Amino acid sequence: MDKQTANQLARFATAFREARERGANESDTVMYLVKFFEEVLGFDSLKGEISKELAIKDRYCDVALKLDGTVRLLVEAKAAGLKALADKHIEQAENYASRAGIPWVVLTNGIEWRLYHLTFAAGEGIVHDLAFEADLVEGLEKDADGLWSKLSLLSRDSMRRDELEAFWAQKKVLSAASVVRVLFHEDVLRDVRRLLRKDAEAMLDLEDVFRAVRDIISKEALAEAGDLGITKRRKKRRKVQKTDAATGQTVTEEVDDDEPESAAPSTTPGDEPATAELRAADAPSGGTPT
Numbered sequence: 001m002d003k004q005t006a007n008q009l010a011r012f013a014t015a016f017r018e019a020r021e022r023g024a025n026e027s028d029t030v031m032y033l034v035k036f037f038e039e040v041l042g043f044d045s046l047k048g049e050i051s052k053e054l055a056i057k058d059r060y061c062d063v064a065l066k067l068d069g070t071v072r073l074l075v076e077a078k079a080a081g082l083k084a085l086a087d088k089h090i091e092q093a094e095n096y097a098s099r100a101g102i103p104w105v106v107l108t109n110g111i112e113w114r115l116y117h118l119t120f121a122a123g124e125g126i127v128h129d130l131a132f133e134a135d136l137v138e139g140l141e142k143d144a145d146g147l148w149s150k151l152s153l154l155s156r157d158s159m160r161r162d163e164l165e166a167f168w169a170q171k172k173v174l175s176a177a178s179v180v181r182v183l184f185h186e187d188v189l190r191d192v193r194r195l196l197r198k199d200a201e202a203m204l205d206l207e208d209v210f211r212a213v214r215d216i217i218s219k220e221a222l223a224e225a226g227d228l229g230i231t232k233r234r235k236k237r238r239k240v241q242k243t244d245a246a247t248g249q250t251v252t253e254e255v256d257d258d259e260p261e262s263a264a265p266s267t268t269p270g271d272e273p274a275t276a277e278l279r280a281a282d283a284p285s286g287g288t289p290t
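Just so we're aligned, residue 1 is where the sequence shown starts under the UniProt record's numbering, counting upward by one.
In case anyone wonders, no lab produced these hints; they're calculated from the structure. Some hints could be false.
Distance windows between CB atoms, simulated [to be verified]:
| no. | residue 1 | residue 2 | range |
| --- | --- | --- | --- |
| 1 | Y60 | Q4 | 29 to 39 Å |
| 2 | R194 | Q4 | 53 to 63 Å |
| 3 | V127 | S149 | 39 to 49 Å |
| 4 | V188 | E18 | 35 to 45 Å |
| 5 | D187 | Y60 | 19 to 29 Å |
| 6 | V188 | A55 | 24 to 34 Å |
| 7 | K83 | A144 | 41 to 51 Å |
| 8 | A166 | D87 | 49 to 59 Å |
Result set (BS3-like, lysine-lysine): computed pairs, CA atoms no more than 30 Å apart in a straight line [as the list claims (entries may be wrong)]:
| no. | residue 1 | residue 2 |
| --- | --- | --- |
| 9 | K78 | K88 |
| 10 | K3 | K35 |
| 11 | K83 | K47 |
| 12 | K66 | K198 |
| 13 | K198 | K52 |
| 14 | K142 | K172 |
| 15 | K35 | K78 |
| 16 | K3 | K66 |
| 17 | K198 | K150 |
| 18 | K47 | K66 |
| 19 | K88 | K3 |
| 20 | K142 | K35 |
| 21 | K66 | K78 |
| 22 | K66 | K52 |
| 23 | K219 | K172 |
| 24 | K57 | K47 |
| 25 | K198 | K171 |
| 26 | K47 | K3 |
| 27 | K3 | K57 |
In this text, all values refer to a predicted model and were calculated from it rather than measured experimentally. Every residue, glycine too, gets a C-beta built ideally from N, C-alpha and C.
Start from the sequences, fold in the hints, and give me the full structure.
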């Protein structure tokens, strides 16, 4: 973050803090936010990139940020005097966003900033996920660069480069749900079992490893991942040529070609049924193993 940006953030942090102390109302807060979007985030009101009281069907949104005449972000503003934002405050903005088909909504009182991503699923209503939250005053004091790494995603330049979408794609793939599901893939569990066997001569089947990994993951991450089971590997097929003993002709057949475990000790007879059963499915499946 350059010095000019740091100074601008500090100036607005002071302005919003003073607005909170004197109990500024929502109308005044919107006025300060518009200046913030102009001076810090680079939007140009004179070019129609900032709209106040944007009409969305029969409703009005506090602020909308546009690029090339297209609304890219809705802003639900709350009075600076409001000392704590809550998820319930996003409900009104959700309504606006669903009517306009806009997936990004910011909820802010100038000091607290929350960016939400909205998913519109047929038959499931609107699902909103918190993309980030930041505190302008505390963030400047504790981690100014970290604060700007979030707020800069709302800037005109970042939106022009679609950095918000790239940020969200990365956040989704690194979410607890995504990582947990990868950890319970059969190939990953087999690698864990192989490494455990190298440290101790113990016979382990995949269900043992599944339960051990599951037990050390937080309940919150497991809840986010939903129903879990060992994700089966897909069977590979390869063509082989064989000579028919009776006719002497060469024929081509397709056979299963599962990848063998690397350096894994031989299993005990009691372990074979579980392994065979796990290899039986042709495609990934869910369900908790028994």
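Evaluation of the provided hints:
{"no.": "1", "hint": "Y60 - Q4: 29 to 39 Å", "result": "holds, 34 Å"}
{"no.": "2", "hint": "R194 - Q4: 53 to 63 Å", "result": "holds, 54 Å"}
{"no.": "3", "hint": "V127 - S149: 39 to 49 Å", "result": "violated, 25 Å"}
{"no.": "4", "hint": "V188 - E18: 35 to 45 Å", "result": "violated, 53 Å"}
{"no.": "5", "hint": "D187 - Y60: 19 to 29 Å", "result": "violated, 53 Å"}
{"no.": "6", "hint": "V188 - A55: 24 to 34 Å", "result": "violated, 51 Å"}
{"no.": "7", "hint": "K83 - A144: 41 to 51 Å", "result": "violated, 22 Å"}
{"no.": "8", "hint": "A166 - D87: 49 to 59 Å", "result": "violated, 25 Å"}
{"no.": "9", "hint": "K78 - K88", "result": "holds, 12 Å"}
{"no.": "10", "hint": "K3 - K35", "result": "holds, 19 Å"}
{"no.": "11", "hint": "K83 - K47", "result": "violated, 33 Å"}
{"no.": "12", "hint": "K66 - K198", "result": "violated, 58 Å"}
{"no.": "13", "hint": "K198 - K52", "result": "violated, 65 Å"}
{"no.": "14", "hint": "K142 - K172", "result": "holds, 26 Å"}
{"no.": "15", "hint": "K35 - K78", "result": "holds, 16 Å"}
{"no.": "16", "hint": "K3 - K66", "result": "holds, 27 Å"}
{"no.": "17", "hint": "K198 - K150", "result": "violated, 44 Å"}
{"no.": "18", "hint": "K47 - K66", "result": "holds, 10 Å"}
{"no.": "19", "hint": "K88 - K3", "result": "violated, 36 Å"}
{"no.": "20", "hint": "K142 - K35", "result": "holds, 24 Å"}
{"no.": "21", "hint": "K66 - K78", "result": "holds, 20 Å"}
{"no.": "22", "hint": "K66 - K52", "result": "holds, 11 Å"}
{"no.": "23", "hint": "K219 - K172", "result": "holds, 19 Å"}
{"no.": "24", "hint": "K57 - K47", "result": "holds, 23 Å"}
{"no.": "25", "hint": "K198 - K171", "result": "violated, 35 Å"}
{"no.": "26", "hint": "K47 - K3", "result": "holds, 27 Å"}
{"no.": "27", "hint": "K3 - K57", "result": "violated, 42 Å"}
Of the numbered hints stated above, those contradicted by the structure are hints 3, 4, 5, 6, 7, 8, 11, 12, 13, 17, 19, 25 and 27, listed in ascending order.
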